[in-house]
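Visitor: When you get a sec, could you build the whole thing from the sequences and use the hints?
Counted from 1, the sequence shown has number 32 at position 32 by the working numbering; the numbering is strictly sequential.
The reader is advised that the hints may include incorrect statements.
Unchecked claim - Distance ranges between label pairs, derived from CB positions:
1. Leu-108 <-> Ala-140: 42 to 50 Å
2. Glu-57 <-> Gln-110: 19 to 27 Å
3. Thr-21 <-> Met-1: 21 to 29 Å
4. Lys-82 <-> Tyr-7: 26 to 34 Å
5. Glu-13 <-> Lys-102: 32 to 40 Å
6. Glu-99 <-> Ser-78: 17 to 25 Å
7. Ser-78 <-> Lys-17: 32 to 40 Å
To be clear, the hints were calculated from the coordinates, so they are not data collected in a lab.
All C-beta atoms in this analysis are idealised placements derived from N, C-alpha and C, irrespective of residue type, glycine included.
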Amino acid sequence: MKLALIYFNKCIELCLKYNLTNDKRLAVIYRNRSLIYLQLNEYQLACNDCTSALSIESNCPIALYRRALALKFLGDHSGCLKDLQKAYNLSPNNNRIIEELKKMQNTLVQTDVSFFLYNNLIIYVEVIIGNLDRLLWFWASFTDLSVKARCY
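Guide: Shown next as structure tokens:
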């Protein structure tokens, strides 16, 4: 993989040197290098390469799919879902895109449920704390009254 990365870097360097910045072959090189970066867990670099490929070839489902994978690992679930949906619209029969889209939709549903439960737990704790405050106030008032009653 490291050797492939060296060759892709050299190809990109030559394309940029000879001002081939809008050449579709450069987009292919960026896409291919992004795959190497994904395999090396270099998700930000993979994302950057896919973005570069998409700046040349904006409707490329492969670049969108790979950027979605990188975004998923970077924790950008909404960006991931957006890229997967666009990739699906461009390539509706691609099983990898369909599979990843389903996984991401399930992840987002689980995240929403967890967020909902967390918020309700916080509200519940706040209610309990509020009730404890009132109970302590009542107890303090009651003990204060009983002390005063003993004094008379």
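Visitor: Has the hinted range 26 to 34 Å been met by the Cβ atoms of Lys-82 and Tyr-7?
Guide: At roughly 32 Å between Cβ atoms, Tyr-7 and Lys-82 fall inside 26 to 34 Å, so the hint holds.
Visitor: CB of Thr-21 to CB of Met-1, is that within 21 to 29 Å?
Guide: holds, 26 Å
Visitor: Could you check the hint for me, namely that Glu-99 and Ser-78 are 17 to 25 Å apart, CB to CB?
Guide: holds, 19 Å
Visitor: 32 to 40 Å was suggested as the range; check whether the CB atoms of Glu-13 and Lys-102 agree with it.
Guide: For Glu-13 and Lys-102 the Cβ distance comes to about 39 Å; the hint holds.
Visitor: Given a hint of 19 to 27 Å, does the C-beta separation of Glu-57 and Gln-110 actually sit inside it?
Guide: violated, 34 Å
Visitor: In this structure, is the beta-carbon distance linking Ser-78 and Lys-17 contained in 32 to 40 Å?
Guide: holds, 37 Å
Visitor: Within 42 to 50 Å: is that where the Cβ-Cβ distance between Leu-108 and Ala-140 falls?
Guide: holds, 48 Å
Violated hint: 2 only; the structure is consistent with all others.
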